[in-house]
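Chemist: This is what each chain is made of:
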Amino acid sequence: AQSVTQLGSHVSVSEGALVLLRCNYSSSVPPYLFWYVQYPNQGLQLLLKYTTGATLVKGINGFEAEFKKSETSFHLTKPSAHMSDAAEYFCAVSDNGAAGNKLTFGGGTRVLVKP
Amino acid sequence: NAGVTQTPKFRVLKTGQSMTLLCAQDMNHEYMYWYRQDPGMGLRLIHYSVGEGTTAKGEVPDGYNVSRLKKQNFLLGLESAAPSQTSVYFCASSYEREYTGELFFGEGSRLTVL
Chain A
-3 AQSVTQLGSH
7 VSVSEGALVL
17 LRCNYSSSVP
27 PYLFWYVQYP
37 NQGLQLLLKY
47 TTGATLVKGI
57 NGFEAEFKKS
67 ETSFHLTKPS
77 AHMSDAAEYF
87 CAVSDNGAAG
97 NKLTFGGGTR
107 VLVKP
Chain B
36 NAGVTQTPKF
46 RVLKTGQSMT
56 LLCAQDMNHE
66 YMYWYRQDPG
76 MGLRLIHYSV
86 GEGTTAKGEV
96 PDGYNVSRLK
106 KQNFLLGLES
116 AAPSQTSVYF
126 CASSYEREYT
136 GELFFGEGSR
146 LTVL
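Just so you know, the protein sequences line up as chains A and B, in that order. Residues in the first sequence are numbered from -3 upward in steps of one, following this note's numbering. Residues in the second sequence are numbered from 36 upward in steps of one, following this note's numbering.
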């Protein structure tokens, strides 16, 4: 069975500061990993994903994440926070394309950006 | 440019009442999903479908039923609502032939059971 743990349900950063959201996973197969973002009163949208190949992946809005197999981690970073980054972020692991393409999500981290 | 559309967006039920949430997608996706979102628990999969006429149980299926009579629609039913089913429900779809892992989500349906 797969699982995802996000450390910290709330993170507060100052505008212009580094954003770091932590994600650790467990998976019995080589994982496909994802970060989704949810803005208030909206559905989730994909930020970035890791499937195979380069372990540092870049996504939309200046975010990037690094897959570290030895640490079973997929932490999300952005060098300089913007007010528009205030949202909830979800890390997810997939069943590797097995029937259903099902995702298992972490509990989410809500980001507050202070001016 | 609709994508995934959920109706209704808000609903209040009394314990024991029934209701159906409708999800419609216009992207010709094979796979569709129903998730529920609760604070601190992320999204949990209720049921999913890998094609018209097929459904399967997810992580938390008890108390829910689903149907996929048409490829574009995925219905989630509550036969006898309970307060524990108060949640925000999200429908999603994905394209199966080229696996990307990306799910496309609707805007959610907020259900309160009194």
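For the record, the hints were derived by calculation from the structure and aren't laboratory data. Backbone N, C-alpha and C define an ideal beta-carbon position, used for all residues, glycine too. Please note that a few of the clues may not be correct.
Derived DMTMM-like pairs: lysine to aspartate or glutamate, alpha-carbon spacing no greater than 25 Å straight-line [unchecked claim]:
(1) A:K110 <-> A:E67
(2) A:K110 <-> A:D91
(3) A:K45 <-> B:E114
(4) A:K45 <-> B:D97
(5) A:K65 <-> B:D73
(6) A:K65 <-> B:D61
Beta-carbon label-pair distances, calculated as ranges [to be verified]:
(7) B:E137 <-> A:A13: 22 to 32 Å
(8) B:G38 <-> A:H6: 36 to 46 Å
(9) B:Q107 <-> A:Q41: 35 to 45 Å
(10) A:K64 <-> B:S53: 31 to 41 Å
Derived, one-sided and incomplete: chain B residues facing chain A with beta-carbon distance under 10 Å [unchecked claim]:
(11) G38
(12) Y99
(13) F125
(14) Y130
(15) F140
Chemist: Decide, hint by hint, whether the structure agrees.
Modeler: Against the structure, the hints:
With a C-alpha separation of about 31 Å, the suggested pairing of K110 of chain A with E67 of chain A is violated against the 25 Å cut-off. Note on K110 of chain A and D91 of chain A: the hinted pairing is violated, with a Cα-Cα distance of about 37 Å set against a maximum of 25 Å. Between the alpha carbons of K45 of chain A and E114 of chain B the distance comes to roughly 37 Å, so the proposed pair goes past 25 Å and is violated. Proximity of K45 of chain A to D97 of chain B is assessed by CA-CA distance (about 31 Å); at most 25 Å being required, the pair is judged violated.
A distance of roughly 29 Å separates the Cα atoms of K65 of chain A and D73 of chain B; the hinted pair therefore is violated under the 25 Å criterion. This hinted pair does not check out: K65 of chain A and D61 of chain B have alpha carbons roughly 37 Å apart, beyond 25 Å. Separated by about 29 Å at the C-beta atoms, E137 of chain B and A13 of chain A satisfy the suggested range of 22 to 32 Å. The hinted window of 36 to 46 Å between G38 of chain B and H6 of chain A is violated, with their beta carbons roughly 29 Å apart.
For the hinted restraint 35 to 45 Å between Q107 of chain B and Q41 of chain A, the CB-CB distance of approximately 21 Å leaves it violated. At roughly 47 Å, the beta carbons of K64 of chain A and S53 of chain B sit outside the given window of 31 to 41 Å. The beta carbon of G38 of chain B comes within 9 Å of a beta carbon in chain A, closer than 10 Å, and the hint placing it at the interface holds. Annotation: interface hint on Y99 of chain B violated; nearest CB of chain A at approximately 16 Å, more than 10 Å.
Hint on F125 of chain B holds. Least Cβ distance to chain A is approximately 6 Å, under the 10 Å limit. A least Cβ separation of about 9 Å between Y130 of chain B and chain A falls short of the 10 Å threshold, and the interface hint therefore holds. Residue-level restraint check for F140 of chain B holds (minimum Cβ-Cβ distance to chain A is 3 Å; threshold 10 Å).
Of the numbered hints listed earlier, those contradicted by the structure are 1, 2, 3, 4, 5, 6, 8, 9, 10, 12.
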